[in-house]
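So the sequences go chain by chain: A and B. Residue 134 in this note's numbering is what sits at position 134 of the first sequence, and the numbering runs on without skipping anything. Residue 2 in this note's numbering is what sits at position 2 of the second sequence, and the numbering runs on without skipping anything.
Quick caveat, the hints were computed from the structure, so don't treat them as lab data. Cβ coordinates follow ideal geometry from the N, Cα and C atoms, glycine included. No incorrect hints appear here.
Pairs of lysine to aspartate or glutamate, DMTMM-like flavour, derived with a Cα cap of 25 Å:
no.	chain 1	residue 1	chain 2	residue 2
1	B	K4	A	D43
2	B	K90	A	D34
3	B	K132	A	D34
4	B	K108	A	D34
5	A	K141	B	D55
6	A	K24	B	D37
7	A	K90	B	E15
8	A	K46	B	D73
9	A	K90	B	E104
10	B	K46	A	D80
11	A	K66	B	E83
12	A	K90	B	E116
13	B	K4	A	E30
14	A	K141	B	D123
15	A	K90	B	D73
16	A	K90	B	E83
17	A	K46	B	E83
18	B	K108	A	D88
19	B	K132	A	D88
20	B	K108	B	D9
21	A	K90	B	D115
22	A	K90	B	D123
23	B	K4	A	D34
24	B	K90	B	E45
25	A	K90	B	D114
26	B	K4	A	D41
27	A	K90	A	D122
28	A	K66	B	D37
29	A	K24	B	D73
Partial list, computed: chain A residues near chain B (C-beta under 7 Å):
no.	residue
30	P57
31	A62
32	H86
33	Q89
34	F91
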Amino acid sequence: MALDQSFVGRSYPPTAPYEVGREKIREFAEAIGDANPAYTDPDAAKALGHPDVIAPPTFVFAITFKAAGQVVRDPQLGLDYSRVVHGDQKFGYSRPVRAGDRLTVTSTIESVKSLAGNDILDIRGEVHDETGEHVVTAYTKLVARAAEES
Amino acid sequence: MTAKIAYADVEPGTELPAQTFPVTRATLVQYAGASGDFNPIHWNEKFAREVGLPDVIAHGMFTMAEAIRVVTDWTGDPAAVVEYGVRFTKPVVVPNDDAGATIEVSAKVAAKLDDEARTVRVDLTAMSAGQKVLGMSRAVVRLA
Numbered sequence: 001m002a003l004d005q006s007f008v009g010r011s012y013p014p015t016a017p018y019e020v021g022r023e024k025i026r027e028f029a030e031a032i033g034d035a036n037p038a039y040t041d042p043d044a045a046k047a048l049g050h051p052d053v054i055a056p057p058t059f060v061f062a063i064t065f066k067a068a069g070q071v072v073r074d075p076q077l078g079l080d081y082s083r084v085v086h087g088d089q090k091f092g093y094s095r096p097v098r099a100g101d102r103l104t105v106t107s108t109i110e111s112v113k114s115l116a117g118n119d120i121l122d123i124r125g126e127v128h129d130e131t132g133e134h135v136v137t138a139y140t141k142l143v144a145r146a147a148e149e150s
Numbered sequence: 001m002t003a004k005i006a007y008a009d010v011e012p013g014t015e016l017p018a019q020t021f022p023v024t025r026a027t028l029v030q031y032a033g034a035s036g037d038f039n040p041i042h043w044n045e046k047f048a049r050e051v052g053l054p055d056v057i058a059h060g061m062f063t064m065a066e067a068i069r070v071v072t073d074w075t076g077d078p079a080a081v082v083e084y085g086v087r088f089t090k091p092v093v094v095p096n097d098d099a100g101a102t103i104e105v106s107a108k109v110a111a112k113l114d115d116e117a118r119t120v121r122v123d124l125t126a127m128s129a130g131q132k133v134l135g136m137s138r139a140v141v142r143l144a
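Bound-form chain A, shown alone (with noise of 0.2 Å):
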């Protein structure tokens, strides 16, 4: 079934801050097998300008990725969550994510279509520090397959 247009817009309250630790950038780097020092040194980080490590550029996903999951599972909206393929992502940065941060995610519907039964989403999430300094706007498709004919 259509996933109902008039939640095109719809915007999410902010989520509680994520706390982003030294530690857990460390923990992004090595699974990903990136030693750059700008990951996990302190100074190497602030000879490049930076105040402290900084995180590797897909790092912020597992914090936007959750608070996409209260429009995921948002009951009204009625999303088949089990049938969910991540389509596109895209990340808009003003500055990178770094150790100390406090960030916050809004999240926005930003457009819901069917296609050939498949049900399309967009979710656009705004990252903010507790400053309200914007980060990085993460843009991501979903795509839930159209249901098998039984």
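For chain A, the structure is supplied; the task is to place chain B on it using the hints.
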């Protein structure tokens, strides 16, 4: 922000050093823990096959994270990336053996965007097992 590549030194067509990234089941378990994405299609073969996949597949976000390393290694400062987007076109299938899979990433400067902001568009190509696994994979990068 201190990119080590100067805007003046690149032209459309400039190739970034290509890289190959290995991915095994152990990599995926480690990435699941670090990212918080514990979807069983990334570590449980039985589950993956039941939902119609050929085998366990890598997280799309893992592939996205590896691909941009070609750019961040080139610029030195990861903060040089001001925009980055991909389409997940094919899964990276990761067999349960010592070799696992590989993700081969190449990239080139597609266009110089803004002389004042010193931004360029970099187009990335990510392949695994002879198939293109990311589509429309592009980054906007601010150079020195």
